[in-house]
Amino acid sequence: NAGVTQTPKFQVLKTGQSMTLQCAQDMNHEYMSWYRQDPGMGLRLIHYSVGAGITDQGEVPNGYNVSRSTTEDFPLRLLSAAPSQTSVYFCASSYSLGRGAGTGELFFGEGSRLTVL
Amino acid sequence: SQKIEQNSEALNIQEGKTATLTCNYTNYSPAYLQWYRQDPGRGPVFLLLIRENEKEKRKERLKVTFDTTLKQSLFHITASQPADSATYLCALVRNAGNMLTFGGGTRLMVKP
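Those protein sequences? They're chains A and B, same order as listed. With my numbering, the residue at position 93 of the first sequence is 82, and numbering never jumps. With my numbering, the residue at position 4 of the second sequence is 21, and numbering never jumps.
Okay, chain A solo, but in the shape it has when bound:
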């Protein structure tokens, strides 16, 4: 049981390049989300999904795109990278968040560290 797996762990991009951060979970969680973490800013929600085919915007969605074609995968796309997108990105999933039951515990991946030059 791998939990939440993020790839790549590190990436350096040039301004204007595009890339996809991959996230996969093997816990059959309906809920998945992407956060970015910056010094002094804490974790900020980018996008989330409550099930396959359903996505919604979080607090800071601009510049990012997501899709959810399967329960397991939730990739995050940067269409035209900017230096302001330099950050650590975390994918997280939950069994019960959004259902109003259980603890709503989020299971996080180990993070993807992105630098945009």
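The reader is advised that the hints may include incorrect statements.
Between beta-carbon pairs, the in silico distance windows are [to be verified]: (1) Pro99/B - Thr104/A: 29 to 35 Å; (2) Gln98/B - Arg33/A: 28 to 34 Å; (3) Glu71/B - Thr75/A: 38 to 44 Å; (4) Ala96/B - Lys3/A: 49 to 55 Å; (5) Thr95/B - Gly40/A: 37 to 43 Å.
Covered stretches of chain B (chain A as the covering partner; in silico rule of three or more C-beta atoms under 8 Å from a C-beta of chain A) [stated by the list, open to error]: (6) 45 to 59; (7) 62 to 69; (8) 115 to 127.
Hints were generated in silico from the structure; no laboratory data involved. Built from N, CA and C at the ideal position, the CB exists for glycine as well.
Given chain A's structure and the hints, the job is docking chain B onto it.
Just chain B now, kept in the frame of chain A:
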């Protein structure tokens, strides 16, 4: 605007003492509040949840209180150990329970 505030300054305490971390929020009516631990270079790990109708929750050496009148949660670690050194994050659920919003975290340093 909605805010979740945690003390951004590091908390330094001596081993064996009780550590108390604070989470204050404004303009929220959270259904529940969670606490997470984050070690350097790692993702956050869930510790405890407390619901709006609960005053206190305990788990081993951890205790969380929730005062919806003061809009504040306190997180206590009793008999603290150097291994408890980490950043602790509080988080609130909003938007019909689909969005978990985090505070900035407080770094705890427990000295032997």
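- prompt: Do three or more residues of the stretch 62 to 69 of chain B come closer than 8 Å to chain A, measuring C-beta to C-beta?
  reply: holds (count 3)
- prompt: When you take the CB atoms of Gln98/B and Arg33/A, is the distance between them in 28 to 34 Å?
  reply: Given a distance of about 31 Å, which is inside 28 to 34 Å, the answer is holds.
field: Whether the CB-CB distance between Pro99/B and Thr104/A falls inside 29 to 35 Å
entry: About 32 Å separates the Cβ atoms of Pro99/B and Thr104/A, which means 29 to 35 Å holds.
message: Taking 49 to 55 Å as the stated bounds, is the beta-carbon spacing between Ala96/B and Lys3/A within them?
response: 51 Å, holds
Three-residue Cβ test at 8 Å for the coverage of the stretch 45 to 59 of chain B by chain A: Held - the stretch 45 to 59 of chain B has 6 residues with a Cβ nearer than 8 Å to chain A, which meets the minimum of three.
task: State whether the coverage of the stretch 115 to 127 of chain B by chain A holds or is violated, taking the criterion as 3 or more residues with Cβ-Cβ distances under 8 Å.
output: holds (count 8)
- request: Evaluate the given range 37 to 43 Å for the C-beta pair formed by Thr95/B and Gly40/A.
  value: 40 Å, holds
message: Quick check: does the Cβ-Cβ distance between Glu71/B and Thr75/A fall within 38 to 44 Å?
response: Distance hint for Glu71/B, Thr75/A holds at roughly 40 Å.
In terms of the numbered hints stated before, the structure departs from none.
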